[in-house]
Amino acid sequence: MTSPTEHLDPALRVEALASLLAERGLIDEATVETFIKTYEQSVGPMNGAKVVARAWTDPEYRARLLADGTAAIGELGFKGPQGEHMVVLENTPAVHHVVVCTLCSCYPWPVLGLPPSWYKDPAYRSRVVREPRRVLAEFGLELDDSVEIRVYDSSSEVRYMVLPERPAGTENASEEELSALVTRDAMVGVARVTAP
Amino acid sequence: MTGDPGGHADATYLLDAAGPAAPPRDNGELVFAAPWESRAFGLALALHDAGRMDWEDFRQSLIGEIAAWEAAHPSGEGWSYYECWLRSLERVVSAEGLVGAGDLRARQAQLAARPAGHDHGEAGSHGHEHH
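Just so you know, the sequences run in chain order A and B.
Residue numbers for the first sequence follow the numbering used here, beginning at 3 and rising by one.
Residue numbers for the second sequence follow the numbering used here, beginning at 27 and rising by one.
Since the hints were made in silico from the structure, they are not lab data.
Just so we're clear, the structure is a prediction, and the values are computed from it rather than from any experiment.
Backbone N, C-alpha and C fix where the C-beta goes; we use that ideal spot for every residue, glycine too.
A few of these clues could be false.
Claimed, not checked - For each label pair, taking beta carbons as the anchor points, the in silico distance ranges come out as:
#	chain 1	residue 1	chain 2	residue 2	range
1	A	ALA197	B	ALA97	30 to 36 Å
2	A	THR94	B	PRO61	42 to 48 Å
3	A	ALA182	B	GLY128	51 to 57 Å
4	B	PRO61	A	PRO95	42 to 48 Å
Whenever a hint applies, use it, and build me the whole structure from the sequences.
Following this line, the structure appears as structure tokens:
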């Protein structure tokens, strides 16, 4: 059933809903604000970048990460909603992974923050499954035909994160320097990490 | 291949059709396009956190809203992820009996009837509408 009020300004609809929920003691405004601030400011792709840099510099961590993503990511202190069942997909010269949520917007919040607008866009969600090579090329990522592309569809059960390839020329970089190179896009699989 | 983040510009024509959906230039993209989007996000998390809303119920509602919107708008024109989010939230709180659709409509009408220039951000917390 369609609500007859959907023509209203969404800001007004949110305000109406929030005021009723607060009056009834169902939410606490301070909690709402805390969640907003947390995901606007504290939780973001820098968390995932630390995971990637650790995996690049510590082979044992890398093995743990690929065996049990949730646990290995938790070792670095990153856990929380939408990060309960993490699977890490390792890119290699022969196989490139890219992540999507075709049905809604499932995304590993604890390591990547909230999804960018393009990730939620109907065009990305439908096209990356049908024609991944072309979509990646439109992102500026031209993959050789010999590279196999695997598209992973996130769900309520599993959230994926890509472990990108460590770029050549970074052999002497520290873990901290490496983490600064890792972009959100690389961990979704629509970009590569490049040396500075 | 280039490390230039500007390389994303090539993709904007693809994903930009629905409005402000341009690919991000860096890791620091603002995650909300408007304050009401962040409020709608925060409300859902707070309700779940308070044990008032099952996240999977909300997610299924969101999937349904997105699918319905896409079916009704094959061109993708006018897409707003957080409008789907808000509709899902309104439906779940109504289905759970937390805020009925009638109560919600009444409050919306009340707020919409405020004089122009009223600070929307302040309303609903002062109770002046009962005077």
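Hints, verified against the model:
At roughly 45 Å, the beta carbons of A:ALA197 and B:ALA97 sit outside the given window of 30 to 36 Å. Distance hint check for A:THR94 and B:PRO61: the Cβ-Cβ separation is about 43 Å, which falls inside the suggested range of 42 to 48 Å. A:ALA182 and B:GLY128 have their C-beta atoms about 53 Å apart, which keeps the hinted 51 to 57 Å range intact. At roughly 45 Å, the beta carbons of B:PRO61 and A:PRO95 sit within the given window of 42 to 48 Å.
Checked against the numbered hints given earlier, the structure breaks only hint 1 and satisfies all the rest.
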